[in-house]
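Please arrange chain V on chain W, whose structure you already have, making use of the hints.
2 protein chains.
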Amino acid sequence: MLQTPPARPGMREDEVDTPALLIDLDAFEANLDTMTAHLAGTGAKLRAHAKTHKSAVVAHQQIARGAVGQCVQKVAEAEALAWGGVADILVSNQVVGADKLARLAALARITNIAVCADDAGQVAAIEAAARDAGIRLSVLVEIDVGMGRCGVAPGADAVALAHVIAASPHLRFGGLQAYHGRAQHLRRLEERHFAIGAAADSARRTVEMLRQQGLDCPIVGGAGTGTFELEAGSGVYTEIQAGSYCFMDADYARNLGASGKPVAMFRHALFVLSTVISAVRPGIAVLDAGHKAVAIDSGMPLVWQRPDIRYVGASDEHGKLEVPSEAEAPKVGEKLRLVPGHCDPTVDRFDWYVGVRNGRVECLWPIAARGGFY
Amino acid sequence: MLQTPPARPGMREDEVDTPALLIDLDAFEANLDTMTAHLAGTGAKLRAHAKTHKSAVVAHQQIARGAVGQCVQKVAEAEALAWGGVADILVSNQVVGADKLARLAALARITNIAVCADDAGQVAAIEAAARDAGIRLSVLVEIDVGMGRCGVAPGADAVALAHVIAASPHLRFGGLQAYHGRAQHLRRLEERHFAIGAAADSARRTVEMLRQQGLDCPIVGGAGTGTFELEAGSGVYTEIQAGSYCFMDADYARNLGASGKPVAMFRHALFVLSTVISAVRPGIAVLDAGHKAVAIDSGMPLVWQRPDIRYVGASDEHGKLEVPSEAEAPKVGEKLRLVPGHCDPTVDRFDWYVGVRNGRVECLWPIAARGGFY
Numbered sequence: 001m002l003q004t005p006p007a008r009p010g011m012r013e014d015e016v017d018t019p020a021l022l023i024d025l026d027a028f029e030a031n032l033d034t035m036t037a038h039l040a041g042t043g044a045k046l047r048a049h050a051k052t053h054k055s056a057v058v059a060h061q062q063i064a065r066g067a068v069g070q071c072v073q074k075v076a077e078a079e080a081l082a083w084g085g086v087a088d089i090l091v092s093n094q095v096v097g098a099d100k101l102a103r104l105a106a107l108a109r110i111t112n113i114a115v116c117a118d119d120a121g122q123v124a125a126i127e128a129a130a131r132d133a134g135i136r137l138s139v140l141v142e143i144d145v146g147m148g149r150c151g152v153a154p155g156a157d158a159v160a161l162a163h164v165i166a167a168s169p170h171l172r173f174g175g176l177q178a179y180h181g182r183a184q185h186l187r188r189l190e191e192r193h194f195a196i197g198a199a200a201d202s203a204r205r206t207v208e209m210l211r212q213q214g215l216d217c218p219i220v221g222g223a224g225t226g227t228f229e230l231e232a233g234s235g236v237y238t239e240i241q242a243g244s245y246c247f248m249d250a251d252y253a254r255n256l257g258a259s260g261k262p263v264a265m266f267r268h269a270l271f272v273l274s275t276v277i278s279a280v281r282p283g284i285a286v287l288d289a290g291h292k293a294v295a296i297d298s299g300m301p302l303v304w305q306r307p308d309i310r311y312v313g314a315s316d317e318h319g320k321l322e323v324p325s326e327a328e329a330p331k332v333g334e335k336l337r338l339v340p341g342h343c344d345p346t347v348d349r350f351d352w353y354v355g356v357r358n359g360r361v362e363c364l365w366p367i368a369a370r371g372g373f374y
Numbered sequence: 001m002l003q004t005p006p007a008r009p010g011m012r013e014d015e016v017d018t019p020a021l022l023i024d025l026d027a028f029e030a031n032l033d034t035m036t037a038h039l040a041g042t043g044a045k046l047r048a049h050a051k052t053h054k055s056a057v058v059a060h061q062q063i064a065r066g067a068v069g070q071c072v073q074k075v076a077e078a079e080a081l082a083w084g085g086v087a088d089i090l091v092s093n094q095v096v097g098a099d100k101l102a103r104l105a106a107l108a109r110i111t112n113i114a115v116c117a118d119d120a121g122q123v124a125a126i127e128a129a130a131r132d133a134g135i136r137l138s139v140l141v142e143i144d145v146g147m148g149r150c151g152v153a154p155g156a157d158a159v160a161l162a163h164v165i166a167a168s169p170h171l172r173f174g175g176l177q178a179y180h181g182r183a184q185h186l187r188r189l190e191e192r193h194f195a196i197g198a199a200a201d202s203a204r205r206t207v208e209m210l211r212q213q214g215l216d217c218p219i220v221g222g223a224g225t226g227t228f229e230l231e232a233g234s235g236v237y238t239e240i241q242a243g244s245y246c247f248m249d250a251d252y253a254r255n256l257g258a259s260g261k262p263v264a265m266f267r268h269a270l271f272v273l274s275t276v277i278s279a280v281r282p283g284i285a286v287l288d289a290g291h292k293a294v295a296i297d298s299g300m301p302l303v304w305q306r307p308d309i310r311y312v313g314a315s316d317e318h319g320k321l322e323v324p325s326e327a328e329a330p331k332v333g334e335k336l337r338l339v340p341g342h343c344d345p346t347v348d349r350f351d352w353y354v355g356v357r358n359g360r361v362e363c364l365w366p367i368a369a370r371g372g373f374y
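Chains as they are written, first to last, in full-length UniProt numbering: chain W, 1 to 374; chain V, 1 to 374.
Since the hints were made in silico from the structure, they are not lab data.
The beta-carbon is built from N, C-alpha and C at its ideal position, and this holds for glycine as well.
Careful: at least some of the hints might be erroneous.
Quick list of simulated restraints, FRET-style, between CB atoms [claimed, not checked]:
| no. | chain 1 | residue 1 | chain 2 | residue 2 | range |
| --- | --- | --- | --- | --- | --- |
| 1 | W | P9 | V | G359 | 43 to 53 Å |
| 2 | W | Q212 | V | L25 | 34 to 44 Å |
| 3 | V | A253 | W | A124 | 55 to 65 Å |
Some chain W residues well away from chain V (every beta-carbon gap over 12 Å; in silico) [said to hold, decoys possible]:
| no. | residue |
| --- | --- |
| 4 | H60 |
| 5 | R103 |
| 6 | R149 |
| 7 | H170 |
| 8 | A253 |
| 9 | P262 |
| 10 | R281 |
| 11 | Q305 |
| 12 | S325 |
| 13 | F373 |
Just chain W, same shape as in the assembly:
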């Protein structure tokens, strides 16, 4: 059941019911502008990843600032964006199963849609779906550039699969998907440099082999919030698939820059607003946001602007705060903002964004692809 929104436009932030998912609109818009500025002149375009935000409303703001379109991770996300008017969508993942491929092919009637493959059997299945729908689909070859998950080996294997795609009457070879997810969270800049240097070399060699065999490679896509400057500067990546940059979570904020200090390129723009529901014992306060409200797969959330208070434990519906004796103790009923450890799965738990500016609710946006499983 769709939840009713926890707020109305015009409300003060402290009137919002909790737990609620807030966007600080000033910080969010600044993040979008920062990405545009960083990519200007690099030759790489942004294709922002909607697995972070799951919202056509956010997508359109990214596109208005220069993004060529959106990435998604599954068909349900592609549907939510296509139905919301997004005109160019890449499923940066394998789509397996005849029902899902039929839905994907149906979207080609209303938007530009592309998908990845790393298996010749899958290319045949995509061809069959495109043929049945009477459309033509763009298919990218996913290559493994260090992630060790999906993707064929760069070089000959990738070129062989590209030929299979190009030879399929209802498909066209769309390029290479070359995402190095593991590199995003390597803390030291030189580690990220090394990983992405190797990924870009693999992609470059593959593009050259393709060209030698008469296959043009329109897109080389990859990169995330942790490494996008490296891919953008590589001369081989044409599309940057960063997602988290628009919200910025606690985990990404732990990445270090050249100075050995945390990179502070993007601002925290996403918060879980939470209420203190119990504070019986000195040194402990309990929030109404546990791990059903804030994802803990990449570490506990931070308490915003209260570095003296630590969120030390999450159960289903409770978050436990440790309050040192010298700190001002939160009181029952007090509302605190949490910075999620990981923004993508946190967003996926909510139905509504509550956009706030200057302490007031400015807008409500539906998280249209929330939980879009299939």
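Okay, now just chain V, sitting in the frame of chain W:
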């Protein structure tokens, strides 16, 4: 947006779209019967915890087998059950905020509703809400019996708060909430014995003090799937709040019994059905169920009836399987059942249960309180 169901009744299980949340109906019904049998003659009744299943459909099956009602953890869950015809609901948690309390009080017009408190200010707020709604609410005092989270100290503090409730014109003192969450997952039986022995002693002393001061204590509630036999046998607990027993997750299955072997009282009845979407490298297969589909806060899921394959890593939308060279390797398109590490937050990610029996889909049940935040 509510997701369309991933299946239709009558389908074969291997036709269900993935990721999907399956209930093995035979195992589920056996679990309900097992609980009924174990509580028979103990003097303790089941008030099953709906934070696990979030569904009036499941609640009614528990009540049909003798449960006196349901526990929930928040107002949105209470609403979903009350609207689904559940007649007796305890919010086993603090409810903070005037809007939430007004919604809680409104439910008293259509169902028997009770709530917990651990703070005199909160009792005043509940009294105000009940007065404004023109109803009378039952309020339990939550005592801390070892969890170190919410709850006043057992004994004098609890009795003082019970007096405040009893003296409030629109409230009645409903009893004690004495849940020891931490004890549920203590692996060794003697540890659980020790923890619940102490919890029951605290509850018993508090009940005696209440009686000495003229306060009857209609309910002493607590217990979970890991310890319920101990509370039920204590002579002091009147209501057992187990939730996970109906589905049984991988984490609870690691609890050990008297023999030092895992307790095998309940069967795994909840599964995430998942599809292999990539299998390029020998020894690795990739599923379409990552941590957005299966909760990993209590460990990785298990691959059902394939102990030779390990689920070793979850990212947002991918699950990575490690397949030893001697094992039969899953193929692209093959569907596998996963046993969630933790059932409650896994259920909370889905909109539909797909009930299966003898390899066929028998029913679809909505997870009505899914994500019910406020």
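Hint by hint, here is what the structure shows:
| no. | hint | in the structure |
| --- | --- | --- |
| 1 | W:P9 / V:G359: 43 to 53 Å | holds (50 Å) |
| 2 | W:Q212 / V:L25: 34 to 44 Å | violated (58 Å) |
| 3 | V:A253 / W:A124: 55 to 65 Å | violated (40 Å) |
| 4 | H60 | holds (17 Å) |
| 5 | R103 | violated (10 Å) |
| 6 | R149 | violated (6 Å) |
| 7 | H170 | holds (20 Å) |
| 8 | A253 | holds (18 Å) |
| 9 | P262 | holds (23 Å) |
| 10 | R281 | violated (7 Å) |
| 11 | Q305 | holds (21 Å) |
| 12 | S325 | holds (17 Å) |
| 13 | F373 | violated (5 Å) |
Hint check: violations occur at hints 2, 3, 5, 6, 10, 13; the rest are consistent with the structure.
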